[in-house]
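Starting from the known structure of chain A, fit chain B onto it as the hints suggest.
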Amino acid sequence: RKEVEQDPGPFNVPEGATVAFNCTYSNSASQSFFWYRQDCRKEPKLLMSVYSSGNEDGRFTAQLNRASQYISLLIRDSKLSDSATYLCVVNTGKTDKLIFGTGTRLQVFP
Amino acid sequence: EPEVTQTPSHQVTQMGQEVILRCVPISNHLYFYWYRQILGQKVEFLVSFYNNEISEKSEIFDDQFSVERPDGSNFTLKIRSTKLEDSAMYFCASSEGPLAAYNEQFFGPGTRLTVL
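If you're matching them up, the sequences are chains A and B in order. Residue numbering for the first sequence follows our numbering, starting at 29 and increasing by one per position. Residue numbering for the second sequence follows our numbering, starting at 242 and increasing by one per position.
Please keep in mind that the hints were generated in silico from the structure rather than gathered at the bench. Check the hints yourself; a few may be wrong.
Calculated cross-link-like contacts (lysine-lysine; reagent style DSS-like; alpha-carbon spacing at most 30 angstroms) [what the hints assert, rightly or not]:
1) B:Lys324 / A:Lys107
2) B:Lys298 / A:Lys30
3) A:Lys30 / A:Lys122
4) B:Lys324 / B:Lys298
5) A:Lys122 / A:Lys73
6) B:Lys283 / A:Lys70
7) B:Lys283 / B:Lys324
8) A:Lys70 / B:Lys324
9) B:Lys298 / A:Lys70
10) A:Lys107 / B:Lys298
11) B:Lys283 / A:Lys73
12) B:Lys324 / A:Lys73
13) A:Lys70 / A:Lys107
14) A:Lys73 / B:Lys298
15) B:Lys319 / A:Lys30
Model, not experiment: these values are computed from the prediction.
Looking at chain B on its own, in the form it has when it is part of the complex:
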């Protein structure tokens, strides 16, 4: 069964460093998302991406965050200068079409980011 994959599974970084979290969405999917979950808290939407541009972003997704689809398979989330409060599990998700057309968002296994 096709699945979303993410690398690395765990990333440890120093405050102020840049990190890039990588995702390979399901191959025929066109809509891509990043969510995050701080330990013990709810899953929060960060950004959605379609047709090579951001379609929506949350208040969390400030200028320190960026997303890119550098080639036909990868979807990346970059945090330019990490803060302690960026420590969380970051989930990538993809869907074949929009939610309004009853398309399921499939989640990857997540990257645990620890900022020291």
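The shape of chain A in the complex, shown without the other chains:
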């Protein structure tokens, strides 16, 4: 089983749509969870950390379900500029190694 698993997409959505991405992780000892954004041929950039209670940052909402080992990202009111690959990332807490999923590609069209 992959350490971090994501649907590769692509998700093609119109501007203004709401889109949700899911991610599962295999190591139940994982402690920290993140969503990164990666534009084509660019470096990953932290979008948001994911906390146990769930957290919101503007149009973005992240949820964590430790029992199901599942993380989600919801994007409301999609913008053209949201087009990118969204990477689910976990860390076990024992080291500083980030473990990346393969990413889910989002394409927002006018």
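Below, chain B alone, put in the same frame as chain A:
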């Protein structure tokens, strides 16, 4: 805003040659990392470095790889004898402190390595 920088942006080399990829982490950061991403694949951890020594390395980071902080600003990744399968984007990252203390890892723009 401070950022991690990497040089060169693209390196082309012949199989068997040595390459050195250079990174300048953010100036007050103490933890340094290298990751790589083969085209179309996920980002993979290579090595972490703190207090002038390797703190963790992955299975990918074999004897052909080494890291060094030769001075107070640079952090380098050396591949001694490149193979075709080393072709990838190599990202350097740095953080002020450990992840456990809620420190973000900031990534550089990457060096695209092409081995012919």
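Hint check results:
1. Taking the CA atoms of B:Lys324 and A:Lys107, the gap is about 41 angstroms. The hint is violated against a cut of 30 angstroms.
2. Taken as a hint, the B:Lys298 and A:Lys30 pair is honoured in the structure, with Cα atoms around 19 angstroms apart against an allowance of 30 angstroms.
3. Proposed proximity of A:Lys30 and A:Lys122 is supported: the alpha carbons are some 19 angstroms apart, at most 30 angstroms.
4. Note on B:Lys324 and B:Lys298: the hinted pairing holds, with a Cα-Cα distance of about 19 angstroms set against a maximum of 30 angstroms.
5. Of the supplied pair hints, the one linking A:Lys122 and A:Lys73 holds, its CA atoms being roughly 22 angstroms apart against a limit of 30 angstroms.
6. In summary, the hint linking B:Lys283 to A:Lys70 is supported, as the alpha carbons are separated by about 13 angstroms, within the 30 angstroms threshold.
7. For the proposed pair B:Lys283 and B:Lys324, the alpha carbon gap of about 19 angstroms is at most 30 angstroms, so the pair holds.
8. Pair hint A:Lys70 plus B:Lys324 holds up; C-alpha atoms about 23 angstroms apart against a cutoff of 30 angstroms.
9. With a CA separation close to 24 angstroms, the supplied pair B:Lys298 and A:Lys70 stays within the 30 angstroms bound.
10. Simply put, A:Lys107 and B:Lys298 have alpha-carbon atoms about 39 angstroms apart, too far for the 30 angstroms limit, and the pair is violated.
11. Restraint check: the Cα-Cα separation between B:Lys283 and A:Lys73 comes to about 14 angstroms, which is no more than 30 angstroms; the hinted pair holds.
12. Taking the CA atoms of B:Lys324 and A:Lys73, the gap is about 29 angstroms. The hint holds against a cut of 30 angstroms.
13. A threshold of 30 angstroms between alpha carbons decides the hint, and for A:Lys70 with A:Lys107 the separation of about 19 angstroms falls inside it, so the pair holds.
14. Proposed proximity of A:Lys73 and B:Lys298 is supported: the alpha carbons are some 22 angstroms apart, at most 30 angstroms.
15. For the hint pairing B:Lys319 with A:Lys30, the CA-to-CA distance comes to about 29 angstroms; that is within 30 angstroms, so the pair holds.
Of the hints listed earlier, those the structure fails to meet are numbers 1 and 10, in rising order.
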